[in-house]
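> Residue numbers (this note's numbering), protein chains in the order written: chain A, 1 to 201; chain B, 1 to 201.
None of these hints come from the bench; they were simulated from the model.
Misleading hints may appear alongside valid ones.
[Said to hold, decoys possible] What the simulated footprint calls covered on chain B by chain A, stretch by stretch (three residues with Cβ under 8 angstroms from a Cβ of chain A suffice, anywhere in the stretch; the number is not a length): (1) 8-19; (2) 44-55.
[Claimed, not checked] With the C-beta cut set under 7 angstroms, the calculated list includes, among others, these residues of chain A facing chain B: (3) 19; (4) 26; (5) 27; (6) 122; (7) 129; (8) 173; (9) 179; (10) 180.
Even for Gly, the Cβ is constructed at its ideal location relative to N, Cα and C.
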Amino acid sequence: MDEPALISSAQQGDLNAFNTLVLRYQDSVFNAALRILGDEEPAADAAQDAFISAFKNLPAFRGGSFKAWLMRIVTNACYDELRRQKRRPTTPLEPEDEDGEDFDSPHWLADPGMTPEQKFEADELEHALQHCLNDLPADFRAVVVLADVQGMDYAEVSIAARIPLGTVKSRLARARLRLRECLRSFEELLPASFRLEGERL
Amino acid sequence: MKNRDLELLSAYLDEQLSSVEIARVELRLASDGQLAAALADMRAARKILRQLPSRKAPRNFTLTRKMVGANPPLPRSYSIFQFSSAFAALLLFITFSFNALTPRLNFAGGAADSAEPAAMQAMEAPALKAPEAAAEEPAAKLLPMPTESARVAKAPADANSPAGSPAAQIPLIWQALFLFILLAGFAGMFFLRSQAKKKWR
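With the hints as extra help, turn the sequences into a complete structure.
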């Protein structure tokens, strides 16, 4: 069944059709939430909330990019979570191994096909990037995640983030430069294959 | 560096510029080292963001009926019925209140209005009308004196409209129309809800 047919069925209350869409988009939605929130558990909750909200509001979907529409809902869920975190700050629990020791990085989620070196490199990159993303204001972070991590075009980002096209351009430009500045401080930590281009120092 | 230049560079990187703008940016890039460096920074940041590993969703986010609630999703047309019946109810209330309150307000206002000129007339009468009184007296005597009952019957009409016209009331047909819309809206909502429930089952 193609996407418009699934959406149409889901709009009539067909939960199975909607769940097919969920399976199709759940990785993208979860990744967007993860990069905006920077933590897996709240990201999974935000993704779940987003899908529930999407199903309830599906009759209001008026065509266009379904992914952009979904991303708008998950972005809103992430903003809600960030506001909640701001009101009630908590200390995140670090993952522990069997002896109760903290892991340095969440290796258990790495691709099992990777060599140990590749895993290490990927973890290092991910940590550095997530740290820099977390340093950005939430509005900038959402735009850069949608455009550069999710690969959405400007028009889709504009729909997903509910901001004008001009604001997308300006936030994306400034977010990229701020990220570049931040990543400079991690240059030595990053594996050789991820070194930044255009190093002039 | 100006924000405008940053936005141009970012859009240039994402191939979001027109051919004329591209030519203009490339001309500037050739002569402006700072601009070229900023472009290299942005390109590097974007490249790294795109290499960020995509995580798999930690669980399936598929929905159950329990998660989305007992009520089925309602079609978009439901909100039209909802809005129209709410609007009709509001108009019905306003027209009913207007028709109920207008005569009372006019009576109170009219009584005050009619009392004032009478008092003023009484004060002015001895000075201004004393010479004329004798001349008018025979004519006045020809007219029959209004009885008390006639005066009482005339009072509300005068009070409602000092100009002598009957009280302005919203015709009953409008109230009937609003009531009809309200009931039709309720019937529509009931029908759509029962149809949605049937599909939900």
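> All the hints need checking, so say for each whether the structure fits it.
Structure-based check of all given hints:
Chain A is given as covering the stretch 8-19 of chain B, and this holds because 5 residues of the stretch bring a CB closer than 8 angstroms to a CB of that chain, at least three being needed. Chain A is given as covering the stretch 44-55 of chain B, and this holds because 12 residues of the stretch bring a CB closer than 8 angstroms to a CB of that chain, at least three being needed. Hint status for residue 19/A relative to chain B: holds, with the closest Cβ pair at about 4 angstroms, below 7 angstroms. Taken as an interface hint, residue 26/A checks out: its beta carbon lies about 4 angstroms from the nearest beta carbon of chain B, inside 7 angstroms.
At about 5 angstroms, the closest approach between the beta carbon of residue 27/A and any beta carbon in chain B falls short of 7 angstroms, and the interface hint on this residue holds. Look at residue 122/A: its Cβ gets to within about 5 angstroms of chain B, closer than 7 angstroms, so that hint holds up. Residue-level restraint check for residue 129/A holds (minimum Cβ-Cβ distance to chain B is 6 angstroms; threshold 7 angstroms). Checking residue 173/A against chain B: minimum C-beta separation of about 4 angstroms stays under 7 angstroms; hint holds.
Given hint, residue 179/A at the interface with chain B, holds; its Cβ is 4 angstroms from that chain's nearest Cβ, closer than 7 angstroms. Restraint check, residue 180/A versus chain B: the minimum CB separation of about 4 angstroms is within 7 angstroms; hint holds.
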